[in-house]
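Trainee: Residue numbers (the UniProt record's numbering), protein chains in the order written: chain P, 1 to 308; chain Z, 1 to 308.
Treat the hints with caution; some may be incorrect.
Each pair may be met inside one copy or between any two copies, as identical chains are not told apart.
[To be verified] Below 35 Å or equal to it, Euclidean Cα-Cα: the simulated DSBU-like pairs (lysine-lysine) are:
hint : residue 1 : residue 2
1    : K161      : K263
2    : K183      : K141
3    : K161      : K104
4    : K64       : K259
5    : K263      : K157
6    : K157      : K183
7    : K293      : K161
8    : K263      : K59
9    : K157      : K193
10   : K104      : K193
11   : K141      : K259
12   : K161      : K106
13   : K161      : K251
14   : K141      : K193
15   : K161      : K259
16   : K65       : K259
17   : K106      : K251
18   : K238      : K157
19   : K259      : K293
20   : K141      : K65
21   : K249      : K293
22   : K141      : K263
23   : K72       : K157
24   : K72       : K141
25   : K141      : K249
26   : K141      : K104
If you're looking for bench data, these hints aren't it; they were derived computationally from the structure.
There are 2 protein chains.
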Amino acid sequence: MSTLSSFMSHKISVKSLPHCGMKLIRTCIVVVFFYLLGSSNHNPGSSTEEVTRGVAVEKLDSVKKWGINTYKCTRQMFSERFGRGSRTVDLELEAQIDVLRDTKSKYEQILRLATALIDHFQSMVQTQQVLGDTFTDLSQKSPELQDEFGYNAETQKLLCKNGEALLGAISFFVSSVNTLVNKTMEDTLLTIKHYENARLEFDAYRSDLEELSLGPRDAAAVVRIDMAQQEYQIHRDKYERLRSDVTIKLKFLEENKVKVMHKQLLLFHNAISAYFAGNQQQLEQTLIQFNVKLQPPGSQKPSWLEEQ
Amino acid sequence: MSTLSSFMSHKISVKSLPHCGMKLIRTCIVVVFFYLLGSSNHNPGSSTEEVTRGVAVEKLDSVKKWGINTYKCTRQMFSERFGRGSRTVDLELEAQIDVLRDTKSKYEQILRLATALIDHFQSMVQTQQVLGDTFTDLSQKSPELQDEFGYNAETQKLLCKNGEALLGAISFFVSSVNTLVNKTMEDTLLTIKHYENARLEFDAYRSDLEELSLGPRDAAAVVRIDMAQQEYQIHRDKYERLRSDVTIKLKFLEENKVKVMHKQLLLFHNAISAYFAGNQQQLEQTLIQFNVKLQPPGSQKPSWLEEQ
C-alpha cells in the first residue's frame, strides 16, 4: 500500500461538483436498470437459446462494467460534493489549468472587442466613402466653396483607402487570435476534461480499495482486495498518463501562445499606430511585414447604407 | 392695361401642381356651403334680429371673400395643371430657388452622413476604451507579454482621448450645419412658400381681369372690370413685395451659407486631419481656434456596450 499512501499526500476535501455531474446521475439510473436485466439473464434457460444468449450476455457484461464504473464515479462525486470523500489534487497543474481558463476568457474578450472594432470601423469607412463622394459632388457644384469641399473630399478618400488596409490588419489579428483561442486552447481544454474525468475515476477506485483494506480479511475479502488493487492500478496509470499529456500540452500551448500573441500584438499596434499617425507607407509596410493579404473589395459584407 | 402686358412677358404654361393644391380643393367645398348660407341671410328679417345679424353678416362676408379667393386660386391651379392657363415666372428667381432646394437636400445628406460618422466613431472610441482596459489588465497578468499588451493599452487610451476631442469637433460641425439647414434655409423656404402662394393668387386675379377685358363693355361690365383691376393691383403688389423679400433673403442666405460653411468645412477638415495624423496638439488648437467646447463625459448617451 506504499503506492497508495504516496498518492494520498495531496488528497483534500472539496465541495465543487465536477462538470460531468448531472450527466452521470442520469446515466446511473439507466445503468441500474441494465444491471438488473443482465443479472436476470444469467438464470439457466433452454439449450436452444444459449448461443444467442452468449452474445447478449457478453454485451450486457460490458454495459454492467460501465454501469459499475459510472456508479462508483457518481458516488465519489457526491462524497466530494458533501465533504465526506477525498480527492487527489496536483496543486501546480490545477493552478496552471485555472490560469489557462482565465487567459482563454480574457482572450475571448479581446476577440469580441476587436470584432466590434472591425464592425464600427468598417461602418465608419463606408460612411467616409459616401461623405467623400458627396463632398466631391458639392465641390463641383459650389464655385464659392469649391476648395473647402475639395480638400475635405480628398481627406475622406485617403482615409477610406488607409481604412481598408487597417481593416485587413485587424481582421488578420482576429483570425489568428481566434485560431489560438478556439482551436489550440480548446484542444488542450479537451485533454484537461479527459484528465479531470480520469482523476474522478481514479479517486473512486482508490476510495473503494481504502474501504476494503479497512474491512475484515477473510478469503473472499482478500480476493476482492486483489481485484480492487488491479482496478486501482489501471485507473492510476490512466490518470498519470493524462496528467502527463496535460502537462506537456500546457507547456507547448504556453510557448505557442507567447509566440502567436507577440506577433499579433505587434501587428495590431504597428498597424493602428501607422493608420492613426496618417502614415500610409508604414501601414503598407506593416501589412507586407506580417504577410497580411487584403480581401478583394467585393468579398466584404454590404454597406450598412446599402442595407437600409 | 400697359402694366398688365408688361407683366405678361414672362407667362408660361406649366403642369406642376402647387404644394397647397389638395388643401385648397377641400377648403373650397366648405366655402361654397358658407357662401350659400351667407346669401340666404341677406333676406329681410324682423327688426329685432337685425343687430345680431349685422355682426354675423360681417363675419360671413369675410368668409365669403376668402371663399371666392380660394375658388379663384383653385381654378387657376387647375388651369395651369391642365395646360390651359398661364403663369407668371421670374426665371432667374426660380432658378435660384431650385438651387436652394437642391443645396438644402445635399446639405441634409451631409448632416445624415456626419451624424452617422459620429455614431460609428463614438462606438469605436467606446470599444477602444474597453480594449485599452483589457490590454492593461492582461499586461499586469501576463509577465511574458507585458510589453506587448502594455504599449497596445497606451495606444488605445491615447486614441480614446483624441477621439473625444474629434467627436466634439464633428458634433460642433453637425450642430452648426443643422442650424444653417433647418433654421436659416427653412426660414427662407417659408418666405418662398408665401411668395409662391402670392404668385398663384396674382395669376388668378390676372386671368380674371383678362377674361373680363375680352368680354362686352356694357355699364355693368365696366364696373366689374374696375373692381377686377383693383383686385389685380392688390395681388400684384403683394406678389412683388414677397418676390422682393425672397430676393433679399436669398442674397443674405447665400452670404451666410458661404460664411458658415467656409468656417465649418475648415474646422471639419482641420480636426479630422489632426486626429488622423495623430497630432494631438494640432487637434486641441483647432478646438480652441473654432471655440469648440467639449461635452462633459457624463452628458453623452450610454455606451453600446453598457446597453447590451
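Trainee: Please flag the earlier hints that this structure goes against, numbers listed from lowest up.
Mentor: 4, 8, 9, 13, 16, 18, 20, 23, 24
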